[in-house]
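J.: Heads up: the sequence lines are chains A and B, in that order.
For the first sequence, position 290 matches number 290 in full-length UniProt numbering, and the numbering has no gaps at all.
For the second sequence, position 347 matches number 347 in full-length UniProt numbering, and the numbering has no gaps at all.
What the hints contain is simulated information worked out from the structure, not anything from laboratory work.
Here a beta-carbon is modelled for each residue, glycine too, at the ideal position from N, C-alpha and C.
It is possible that some hints are incorrect.
Stretches of chain B that chain A covers, calculated by requiring three or more beta carbons in the stretch to come under 8 Å of a beta carbon on chain A [unchecked claim]:
id, region
1, 16-26
2, 38-52
3, 142-155
4, 161-173
5, 267-277
6, 361-373
There are 2 protein chains.
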Amino acid sequence: MSSDISRIYLDNNATTPLDDRVKNSISEALNLWANPSSNNENATKAAEAIAEARNHLARMFNVENDGVVFTSGGTESNNWVIEGAIQTARKLNRNEIPHVITTNIEHPSILEPLKRREEFGEITVTYVSVNPLTGFVTSQSVNDSLTPSTCLITIMLANNETGVLQPVEEICHLIRDKLKEKSPFLHSDVAQAAGKIPIDVKSLGVDAVTVVGHKFYGPRNGALIFSPRGIRIPPMLLGGNQESGWRSGTENTPMIVGLGEAARIYNEGYTNIESVLRQNRDYFEELLVKKNLRNSHVIHFLGSPRLPNTSSVAFLDYPSHGCDLLEKCRTFYASTGAACHKNECSPILKACGIPFAIASKTVRISFGRSTTLAQIDTVVEELEKLCSPLTENDF
Amino acid sequence: MSSDISRIYLDNNATTPLDDRVKNSISEALNLWANPSSNNENATKAAEAIAEARNHLARMFNVENDGVVFTSGGTESNNWVIEGAIQTARKLNRNEIPHVITTNIEHPSILEPLKRREEFGEITVTYVSVNPLTGFVTSQSVNDSLTPSTCLITIMLANNETGVLQPVEEICHLIRDKLKEKSPFLHSDVAQAAGKIPIDVKSLGVDAVTVVGHKFYGPRNGALIFSPRGIRIPPMLLGGNQESGWRSGTENTPMIVGLGEAARIYNEGYTNIESVLRQNRDYFEELLVKKNLRNSHVIHFLGSPRLPNTSSVAFLDYPSHGCDLLEKCRTFYASTGAACHKNECSPILKACGIPFAIASKTVRISFGRSTTLAQIDTVVEELEKLCSPLTENDF
């Protein structure tokens, strides 16, 4: 690991830097230290700042203000959805084991809570496989997985490693058309998509989405955002009835204000944000083709709808695995989806049907809002050097 | 509600201001935006800052570093303990309904999750009553409540309204002596005591304590702190295996750093902190006696071991209820434990056996580290005016 902090940062799907305006908003909101439930002037100011943040989030996802429930992050939101949907199902029918449909490429904060409950015999789960040709699940395969006990369908909007968009809207409409008011709770983890592409919760057709601040230049908290259609799961954290009873716990005012500011910034410039990300990603992918890397690399799911900022690229001429390649890189940071062992590759890529030999040489490049074309030139130049077949330079 | 933000703040049990050093540490840590699990320099710095914070917390509560698990706050910690202890019990014996022992004066983040599970028939609960003469439960009454199905005993160390300390250490030793390795999980919510009196998790004899930053000049996050004895409950939030698997979710570096700084500040000056709090509280209570309020006020549980900063005082000569009194005060902020209705009083005071006529006239004064004796003079002067029997000034 280099000690050069000025490297080009191309791991924005892991976390983004804080926008300076977000940073300032948090620092200022540290002065709003009063308990928002108290009866004093600072408390009122804190409550107002939270209300404003809620408004920005509601606008970002096209929901009502009361649909926004602030949480400590995506992991809490996802665990809550699973716990809540199962609890509701149990209450409705105590004798039936609830069934959940998800995909085999979800974030661990979806897969792990499901697996634990499955192991304990509390639920059954169908992990719908993505089509290895496209990287996304089909609405038909989700539909085919429905059972009378299905209480939850949770499908991410964009995969964090491949960037491939899943047909959440199509799935929701298919399920709702078929099951009407008997539809299971429909959830989408939009952590990786939010702040990169517009997300309209109403037209998506979901009951709730998971949102995470630090994936779009905001802080490390998040939200569970409910559709105005009004179907909810019971709260997971009980206590002082904050967030209108949906999530107890004294409000973390500075974090909430920061998340609101990140949403405000996105609302203000979303068209430009998306086009900058896409421009960078496309420039990078075109450059790979133009350079000597032609025929020696594979961009996964190039033909599928993808996030505008993510390239999942296998460098086939590189003699070792992706982690090894990244360790050699000196100009930029990126990541692979797996621990750095020769015999391992990303479980997500494996689940996408990518053969081990290719998956193990794959690197995820995730561009940010401030990535420049000149930086991409530098990065591709280094990749070109490292991935070229042996030349005299190697001797 | 006045708009005078310079009022004397005597509601430190609701929340404390952020210590300026905590505020600065958070603002600086906003620069440590990298994902601590990533492999780059900023990530290493973030991980190191988190490790340092963990060390301060471990020192504050006399546990090993790996006993400190950062959470989003006390509500999460308390909900986790309940969920985890019940889950463990169910795993051990599927046919038995788990039993929990707690008190009738716990925080809502203990009482509400218990009540929900009780309503659903998932558990049975014994709410041990505090002795109305002392304001605390006896170890005997806890002992008498034990059943073979008891999986959790959760008893707060200090009550947030009365400030009365509960005999947690005595209870733990009694239970452990009796049940040995078959003891249920022993938990104490020390949210209100931490940062006011020293807490030694080892000698307290508990398996875990709930800690909340914003009660001791830290931020709105918290921790669940496990004893080195090594008995743990399973994690509640699953996903990316952060916090050594005990609490998943990308670490909220700035909040964790701030909590660590609050612990460091306490560790540095805890003797002085406690004596300042006690001096203020004692001065206030003596002044009430010296002034015209003699015989017209009651300090609840004056003879019991109490937090050094909390006075729960009923102003008997005041013609209306406590909320009304506080609304008339212009020099300071304090609180009552209940909504401002004539027919309601704090459920905690009610549970402590305080008659309605007295409980409804009760105000909680909670002093802070920077309260001055001169401020207390001002406060008592105003209280004296408002609570004196009618004089010519009222005509």
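J.: Now look at each hint and say whether the structure bears it out.
T.: Verification of the supplied hints:
With a cut-off of 8 Å between beta carbons, the region 16-26 of chain B has 5 residues touching chain A; three or more are needed, and the interface restraint holds. Counting residues of the region 38-52 of chain B whose beta carbon lies closer than 8 Å to any beta carbon of chain A gives 6, which meets the minimum of three for the stated coverage. By the rule of at least three residues with a Cβ nearer than 8 Å to a Cβ of chain A, the coverage given for the region 142-155 of chain B is violated, with 0 such residues. Remark: the region 161-173 of chain B is not confirmed as covered by chain A, as 0 of its residues place a Cβ nearer than 8 Å to a Cβ of that chain, below the required three.
Only residues whose C-beta sits within less than 8 Å of a C-beta in chain A count toward coverage, and the region 267-277 of chain B has 0 of them, not enough to reach three; the restraint is violated. Given a C-beta distance limit of less than 8 Å, the hint that chain A covers the region 361-373 of chain B is violated, as 0 residues qualify and 3 are needed.
Consistency note: the structure conflicts with the earlier hints numbered 3, 4, 5, 6.
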